[in-house]
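K.L.:
In order, the protein sequences belong to chains A and B. My numbering puts the first residue of the first sequence at 1, with every later residue one more than the last. My numbering puts the first residue of the second sequence at 458, with every later residue one more than the last.
Honestly, the hints are just simulated from the structure, not real lab data. Here the structure is a predicted model, which means the values were calculated and not measured. The beta carbon of each residue, even a glycine, is placed where N, CA and C say it ideally should be.
Covered by chain B, according to a simulated footprint, are these stretches of chain A (three or more residues, beta-carbon under 8 Å):
| hint | segment |
| --- | --- |
| 1 | 76-83 |
| 2 | 409-422 |
| 3 | 428-442 |
Not everything, but these chain A residues come out facing chain B in the computed CB check (under 10 Å):
| hint | residue |
| --- | --- |
| 4 | Ile87 |
| 5 | Phe107 |
| 6 | His108 |
| 7 | Gly109 |
| 8 | Gln110 |
| 9 | Val278 |
| 10 | Thr281 |
| 11 | Glu282 |
| 12 | Gln283 |
Across the chosen pairs, the derived CB separations fall in these ranges:
| hint | chain 1 | residue 1 | chain 2 | residue 2 | range |
| --- | --- | --- | --- | --- | --- |
| 13 | B | Ser505 | A | Thr75 | 22 to 28 Å |
| 14 | A | Glu72 | B | Leu546 | 37 to 43 Å |
| 15 | B | Asp595 | A | Glu163 | 23 to 29 Å |
| 16 | A | Trp179 | B | Asp595 | 31 to 37 Å |
| 17 | A | Ser63 | B | Pro511 | 42 to 48 Å |
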Amino acid sequence: MNRLWHTLAAILLATTLAACGADAPPGGDDAAVELRWYCCLGTGEQAEQVKAQQKVIERFNASQRRIKVKLEVVTYDSARDTLATQIASGNVPDLAGPVGVGGAAAFHGQWLDLAPLIKSSGFDLSPYAKGSADLYRIGSVQEGVPFAIYPSTLYYKADMFEEAGLAEPPHKYGEKYTWPDGRQSEWNYDTLRELALKLTVDKNGKDATQEGFDPGQIVQYGFEPARDDLRYQGAAFAAGSLDTGDGKTVKIPDAWADSWRFFYDGMWKDRFIMTGPVFQTEQFNGDGAAFFSGHVAMSVNFLWSTYGVAGAGDDWDLAAMPSYKGRTTSPTSADTFRILAGSKHPAEAFEFLSYLVGPASQELLSAYGAMPARTADQDAFFAKLAGQFPNKVDWQVAKDSVAFADNPHSESYTPKYNQTLTILGTYRSRWMTQGGLDMNAQLKAMREEIQDVWNRS
Amino acid sequence: MRSETTSWVARREARYGLLFVLPWIIGFLAFTAVPMAATFVFTFLNISLTEREPLMFVGLANYQRLFADRQAWASLWVTARFALLWLPLVVVLPFLLAVAVNSRYVRGTGLLRVLLFMPYVVPFVASALIWQNMLVDDGWINTALRVLGVGDAPSWLSDPSWVIPGLVMIGLWGLGSGIIINLAGLRGIPTELYDAARLDGAGWWRQLWHVTVPMMSPVIFYTMILAVVEVMQYFLIPLVLFDGSGDPGGATRFFNLYLYQTFFTYQEMSYGSTLAWLLFVITLVVTLVLFRLSRHWVHYTSER
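Excised from the complex, chain A in its bound form (with noise of 0.2 Å):
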């Protein structure tokens, strides 16, 4: 018996040796931080962004020996949750990144202040257009420094407006809609309604406006709002947010109300913007947004689309947000790194992220299709990404987009953050795959279950 208790003890004491020691960095190593760089609450997991970050780490290690840094890869639709678990049990990464606002609302409460260490460390913010670094500030923290920033913009095929013998979308922004008869009309959402329906087609090629068009047969369609989240969609019509501002209250604003009737109308009455079933099938899902299938003559997005909008062919430009009541909105992501604030090496962090926005931010953006924060840097964005495509495009529109960022963003932090966005997403969804709801008893309905939901803040 005794020699059965030795023999197990001996098994344990070497089990636990070995499994102390699995840790112990390789020789000469002994004094380098580990970090964990979290990846992709928004983008970055794509092949050759991935590539593209570990070369940047390998740099980066290269450089000194005091910290190594590992990238922890993710995809975007698990992203969220794992990163929950982690934190829930003690195992928090050290930076995450690239995140959005809305990825970084997410997690409310649990990135680190940043001001202290750009302090001490004298980062320097002047290359950045005045007020920007103010878009990582939440509250009284200072979640981020400026990275990346998407507009955006209305994609549009050329070859389908000529061939509906419509004259292309303004570029620039104020001007107006010249229509085939010489009249012109202010370039807002009505208007692009009206064009939309001319450029849904059906398999006998009539279009949405005429006699007999078929809509259990489209093969084309007119506009593709920015379905992700309802959200993004209120917020191209114009700025806004549920909370009236007291943190407590729930209020639908009357743009946001206003854009999902549009969106609800345009998939069950009108025809122009496909249902959920239809958005679901392979010959109008492309790579996971409608517009890169190639059938779809305007859509809304950012200007992280043009990762997949080859797809659509070479016939695709960038035009100017429609306006609504006479105010023009392109809703703007602003993507950077940030600190959780359980790390354990805050400075180390830190350090590598002011790397990351810095001598590596080139790299980084350009694997992101990211448009650079630093203003000194985006002429040669955009020459780099026009080299991409064989069509001209005019980034132009991108750039004056920036001027009509919506404030306050459509994704900044709601109480029960989280749980307000499943209520969204199950209207959403609802909305996308029921025809005949009553929107106003629906509108109703959501504000108050979400106000539901706050009142247990």
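Add chain B to chain A, keeping to what the hints say.
P.N.:
Just chain B now, with coordinates in the frame of chain A:
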């Protein structure tokens, strides 16, 4: 002297027994009993990773919230709807298929067994993704239905009314293990019973009803209990197919998915624990009821 020796041997055996079962006991305590007790304690606290509140004892507040939580009951209803459709199928169908495969009148039973079991070998997530492509509007299923003359084929994955039947269809893909269990049970029925029944003039149906079903009742009961537990934990397929969004329109936000979201998306540990305990209590009650009812229809051939 003899009794002393026996007692020493018995003690030694007990110690060895304890020693060998110790890893399981440690595992059970560390990974089941202690976490369960911890979650029960959590239900009376306010642990949330997103709220910056000091840790507090909140009494029955989480339970009060549970009773007023429309989403919790809606999710329970989603699970119940699925269970109503799924349970009869997952219990009856493997039994009937096993009877068919076991029948002397069916040719190529070996091949049939392999074919019926084969889908079970495919990883569940992989088969779910394959089914996703088959069930979309322009997928194989609807294409086949259109060829058969069904003009308005269902939107299996995007219509809230059709998505549950769609998920049941995906689930049927994994019936292989149930069939094997039923087949093993069928092979264990003594042939004398059938001989006696035939001598008494029983035909195929009477043999099935009066011999096969009673003799198979422990196996049917076993598959039923497993199916109930499985259905209460149902979670993976909707998570994979709809990224845990509950799409379309919340029709796939199963109770377990809501529980998962509460824990890991909303990061509300205390309320998530309360939901987990509700799930545990429901599963326990349903299982106990089934055990109680089993006295009336499950026949064991040996005594305890």
